[in-house]
Structures are given as C-alpha cells and as structure tokens.
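What follows is the residue order along each chain.
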Amino acid sequence: MKDLFRGELIRFTFEEPETRAKAEVRWQRDTEFVRLADGDPSHLSSEKKIKEWFDQRSERGPKSERVSFSVRTLEEDKFIGDLGLWIDLIHSEAWVGLGIGEREFWSKGYGTDMMKLCMQYVFTELGVERLSLGLFEYNPRALRSYEKCGFRLEGRSRKEMLREGQRYDSLWMGILREEWLAMQNGDQK
Amino acid sequence: MKDIFTGNLVRLSAFDPEEMSKAFPRWFQNSEYARLLDSAARPMRSSKAALKWMEKEAEEISIENYYFSIRTLAEDKLIGEIGLDVVNWSGRDAFVGLGIGETDYWSKGYGTDVMNVLLRYAFTEINLKRVTLTVFEYNPRAIRSYEKAGFRHEGRLRRLLNREGRRWDELFMGILRQEWLDLNVPMAAEAAVGT
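In order, the protein sequences belong to chains A and B.
At position 118 of the first sequence (counting the first as 1) the number is 118 in our numbering, and the numbers step up by one without a gap.
At position 116 of the second sequence (counting the first as 1) the number is 305 in our numbering, and the numbers step up by one without a gap.
Quick caveat, the hints were computed from the structure, so don't treat them as lab data.
Where hints are given, some of them may not hold.
Per the computed footprint, the stretches of chain A lying under chain B, defined by three or more beta-carbons under 8 angstroms from a beta-carbon of chain B, are [to be verified]: (1) 89-96; (2) 123-129.
The calculated label-pair distances, taken between Cβ atoms and stated as ranges, are [to be verified]: (3) Trp-95(A) with Asp-227(B): 37 to 43 angstroms; (4) His-342(B) with Asp-3(A): 34 to 40 angstroms; (5) Asp-371(B) with Gly-134(A): 38 to 44 angstroms; (6) Asp-55(A) with Gly-298(B): 49 to 55 angstroms.
A quick note: this is a predicted structure, and the numbers were derived from the prediction, not measured.
Backbone N, C-alpha and C define an ideal beta-carbon position, used for all residues, glycine too.
Here chain B stands alone, though its shape is the one from the complex (with noise of 0.2 angstroms):
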C-alpha cells in the first residue's frame, strides 16, 4: 500500500503543539497570510497562549477534525497547516482549511501537493463523499490551485468581506469522491478503492 501521508513536494506530519505554537505567532505576524487564511480580524496571540489553546484542542480527539501540520520533503521544514473537519456524516461531507505560513514557499506547488495528500486521505481513508472548500475572491492564487487539485466552483456569497475600503466575494468549492477517482484513480485501480 501506498504511504498516505506522503506527496511529491511534502508531507502531512503529526500536529504538535508545542511546535506549532511557535509558528503561528509567527505566520500571523503577516497579515496578509492572516487575511488569506481568515475573514476575522486576527488577533496576535503570545507562544503561550497558542500553546494553551491548540493544548486544548489537541486532547479532545474526535473522529471529526482531522489536524497535520506540513513539511517540505526535502529540508523536511516546517511550512504550514492544513485540517479537515466532517460536518455532516450521513452526507459524509468534510470542510478543509490549509494555510502555508512560510511565504518562500507560496507559488511553487506546495499548496496543490498537500492538498492532492489530504484529498487522498479524505476519500481513501475517511471514506467521504465530498469535501468543500471557502477561500476569498482577493486570494486569486488559491483558487486556481484549487482548481488544480480537482475542486469545482459551487456559488458565492457576494460582497460578503470589507478588505481595504472594498467589498469581495466568498467562493464555495467543492470535489466529490467520483470526480476525485476519475481524476486520480486509473480504471484498472479502480475497483481495487471502492465508491
């Protein structure tokens, strides 16, 4: 069997708190990573208490959140997040959030590689029907990276942000498991997966 945790250019890695708490401070120091990854007014938050906070999300493990952090496979560094959380079993329906906080890493596949990782784990260990997607209208680079990994364009809610003395739109994206296995699954594997 194939490694489940491993892509091209990077790997999902175990979500460790004390690392990351160290990191976040750190990421969201940029606001424009900040306001690419979430519509709320961010507040900094101390080493401490992100660690405090993610200490506390790390013990209560359901199987509905699903959190890894990212490393590059070559210098095996730290670079970013990504979690999947299930909103709906009978519909068997996950949200993902993926950000890369270190920005020498932006525009250069890593974002499309993990998630082309993580839709493997949602579809292959999960067992999902469809995973869904929101990103911002100003983060144009997400987008077509989302495109890229086999996400379709599902609706908008107009002029739903106030960034910089304009409005913009949320965009809902979506990917469901058959367009997923034709994407990825050669026929004869096929069968080998399951619907």
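Okay, chain A solo, but in the shape it has when bound (with noise of 0.2 angstroms):
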C-alpha cells in the first residue's frame, strides 16, 4: 500500500505545540506569508500565547470534521509549513488551505507536492466527493500551483479585498473525485 502520508519532496507530520509555536511566531512576523495565507489583519502573538492556542487544540483531541498536518521536508527534515482540511461530513465535500512559512522554500515545488499529497488523502482516506480552496488573486505562485494539481478556477468574489488601498479579487477553485481519478488513471498510463 501506498505511503499515505509521504510525498515526493515532503512528508505530512504531527509536530508537538512547542514545536510549532516556535516556528509560528517567526512566521507571522513576514507580513507576506501572512496576507497570502489569511484575509484577516496580521497580528502579533507572543510564543507563549501560540503555543497555548495549540495546546487547545491538541487537548480537544481528533474530530471527524477537522484534520491538520504539519509538513517536513524529506530532503533536510526541515519543518516548513501546514496544511489544514474541514470537511462537511453530510455533503461528502472539504476545504484545503495550506502555507509554507519557511520562505526560501517557495516556487520550488513543495507546495505542490503537499497539495497532491492532501489530494491523494482526502480521495483515497476520507472518500469525499470534492475538494474547494479559496485563494486571493494577487497569489499567482498559487494559482499555479493548484492549476498544476487539477483544480479548476470555478468563480470569483470581486474586488472583494483590500490590500495597500487597491481592491483584489477572492478566487474559489475546486477539483471532483472523478476528475482526480481520471488524472491518477493518466499518470499511470
């Protein structure tokens, strides 16, 4: 059987909360990672306060509707990001968002591999029948990414943000089970 959790260039892990506090508070303080990655205001939080929102997390335990990796390289073992899905169990249908705080490991791939890692979960371990991500149009290096991945740009929120007093577009793109599938039949062929 296949490797669940272990790409080509990365593999999905569970970092403990002191772990990923640590990197979390040098990654916020890179105003672009946080804008590609959140709508919302960046903000400052201090280690302490990081690590406790985890610890809250971790404490409540596994739940059906919400699953989260963190991401290491395979190459240096290095911890360079994560990856979150929420899954609406009633319609068969989840959301990804991903984000590599580690910037020097931008635009070389990894970010794709985590996404057809996720992809090959969600399809083969979870069984739902989509996969949605939302993205901001001044994200192109992502656009790509998830275009390389299958996913179809299927609508748009116009002139829905406002970054630097010019307004941006939100993106939504989706990929379906079978067209994941039909993509898996042609790698093999």
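Since each chain sits alone in its own frame, please combine them into the complex, following the hints.
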C-alpha cells in the first residue's frame, strides 16, 4: 500500500505544540506570508500564547470534521509549513488551506507536492466527493500550483480584498473526485 | 418537500430529557423490554439519575449522534426511542437502535413504521451509504420487522449471549443506500434524491 503521509519532496507529520509555536512566532512576522495565507489583518502573538492555542487544539483530540498536518521536507527533515482540512461530513466535501512559512522553500514545488499528497489523502482515505479552496488574486504562484494539481477556477468574488489601497478579487477553485481519479489513471499510462 | 419526521403511524420528536427520564425507569421495570433492547444486565435507574445522565448526553450535540423520541400520530403519545450513531464517515455507515417501551404498542407495525422514517432520514438527510443494526436471536418479532424495512442478514456472533440457561446468537443486519432507494423511491423520483 502507498504511504499516505509521504510525497516526493515532503511528508506529513504531527508536530508538538512547542515546535509549532516556535515556528509560528517567526512566520507571523513575515507580512507577505500572512497576506498570502489569510484575509485577516496581520497581528503578533507571543510564543506562549500561540503554544496555548495549539495546546488547546491538541487536547480537544481528533475530530472527523477537522484534520491538520504539519509538513517536513524529506531531504533535510525541516519543518516548513502546515496544511488543514475542513470536512463537511453531510455533503461529503472538504476545504483545504496550506501555507509554507519558510520562504526559502517557495517556488520549488513543495506546495504542489503538499497539495498532491493532500488530494490523495482526501480522495482515498476520507472518500469525499470534492475538494475546494480559496485564494487571492495577488497570489499567482499559488494559482499556478493549484492548476498543476488539477484544480479548476470556479468563480471569484470581485474586489473583495483591500490591500494597500487597491482592491483584489478572491478566487474559488475546486476539483471533483472523478477528475482526480481520471488524472491518476493518466499518470499510470 | 415531504415532512421527513412523519410516518404513517408515528413521528420522530425531539428527545426531551425531562420527559424521557420519567419514561425510561418505567419502561425498564419490564425486564423483557430491557433484555430485548440490551445485552447488558441493565441496572434500574431512578428518574433523577436518568435525568442527570440524559442532560449530560444531550449537551454534547454532535454531527455523529441523532436521538429522537417516538410519538404516535393518533394520540401524540410517547411510546419509545430511536437513535442513529454514525460510526464511520469514510464508509458513511451508522448504527441504529430502536425500542418501543410501551408494550401496548408492540406487534402493531409501530416499530416498522418508525424504522422506515429513520431510514429515510439517514439516507436523504444525512446522506449515509449504509445503516447497520444488531438484534438478538431471541427477538424474532424485531428481526421480522427489520426484514420488512429492507434490512438483510449479514452475519451472526454465535452463542454470544447467555439468557435463561442457554446461549443465543447476536445477529448483524444491514441495508445499503441503493437497496433502500430500490425499495422506496419510484424511478422518476430517484434523480431528485441522488445517489
């Protein structure tokens, strides 16, 4: 059987709250990273506060509607980012969000590899029928990566975001289980 | 759209701890009911203890657990309880448990009717792919009712139970979404329900 948690460049891991807080407290200072990852305003939290937050989440234990992974590179075993899934159990569909906090790993295929591994997990382990995501117009690198993974651009909320005096669209992408399966069969040929 | 909580004889109603904590101790005074419902040697509980337990359970609202009380349509009388617990989301499978505590309402089609309502809820509202149940070999009335609702025999744990000096099997029954659709949804309406 295929290893569900191992891609070509990265693997999914569980990191202790201490490790995550130590990384997050650095990543939050990178304004560009925060703006690409989230629409909320940047703010800064202490390492203690962040650790408390991760502690609370790990105490609550596993939930069917929420799955998250930390991500390490295979080569250096370096913790570079996170990936989260929100699952709508009634309608069998899920949303994904991912971020690479270590910026020297941008534009090198790590994000694409994370997403591919995530899709395999979502469609073969969770068995959902579609996977959705949102991103911002000012993140063409992510758009290109998601397209490579097989996501289709399905819609946009025009001028939703205000960044430095300029308005940008929010984009919505999705991939259906049958589209993903067809891609896998194509790969094998 | 159809009222998904109403059948021909009964309806599903909200599980009210006040009301149920009074009904439960009364129902469980009947050892036959207790034995048909549960393999555990169930101690009797006071209303107060039952209320405490139910309020705690009811507080934890979850997407995995659905509990209802059963009322007759004719007299709006509380006659039993039914619950659905999703055990596996990737297989979209749930266990159902059903008890008619008011013995006057046994063998008159109430159980079959409420099971039909619950299956419709499970397949069209929670969008499950299968529903599973277990029943004891010494409960042929329930087995017959589940067969009527469309459940198939899937397996048995041989000689699992000890009742009155002899051993009995526990039976597993199940129904798949497609089987339920074939039984309940005319061809034309099938597209509207989806698969």
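Exercise. Between His-342(B) and Asp-3(A), is the Cβ distance one that fits in 34 to 40 angstroms?
Worked result: Holds - the Cβ-Cβ distance for His-342(B) and Asp-3(A), about 38 angstroms, lies within 34 to 40 angstroms.
Exercise. Counting residues of the stretch 123-129 of chain A that have a beta-carbon nearer than 8 angstroms to any beta-carbon of chain B, does the count reach 3?
Worked result: Three-residue rule met by the stretch 123-129 of chain A, so holds; n is 3.
Exercise. Given as covered by chain B, does the stretch 89-96 of chain A meet the bar of three residues or more with CB within less than 8 angstroms?
Worked result: With 4 residues in contact (Cβ-Cβ under 8 angstroms with chain B), the coverage given for the stretch 89-96 of chain A holds.
Exercise. Can the suggested window of 38 to 44 angstroms be confirmed for the beta-carbon pair Asp-371(B) and Gly-134(A)?
Worked result: Holds - the Cβ-Cβ distance for Asp-371(B) and Gly-134(A), about 39 angstroms, lies within 38 to 44 angstroms.
For this session: Hint says 37 to 43 angstroms; check whether the CB-CB distance for Trp-95(A) and Asp-227(B) agrees.
Result: holds (40 angstroms)
For this session: Go ahead and decide if the range 49 to 55 angstroms is satisfied by the Cβ distance of Asp-55(A) to Gly-298(B).
Result: holds (54 angstroms)
Checked against the numbered hints above, the structure breaks none of them.
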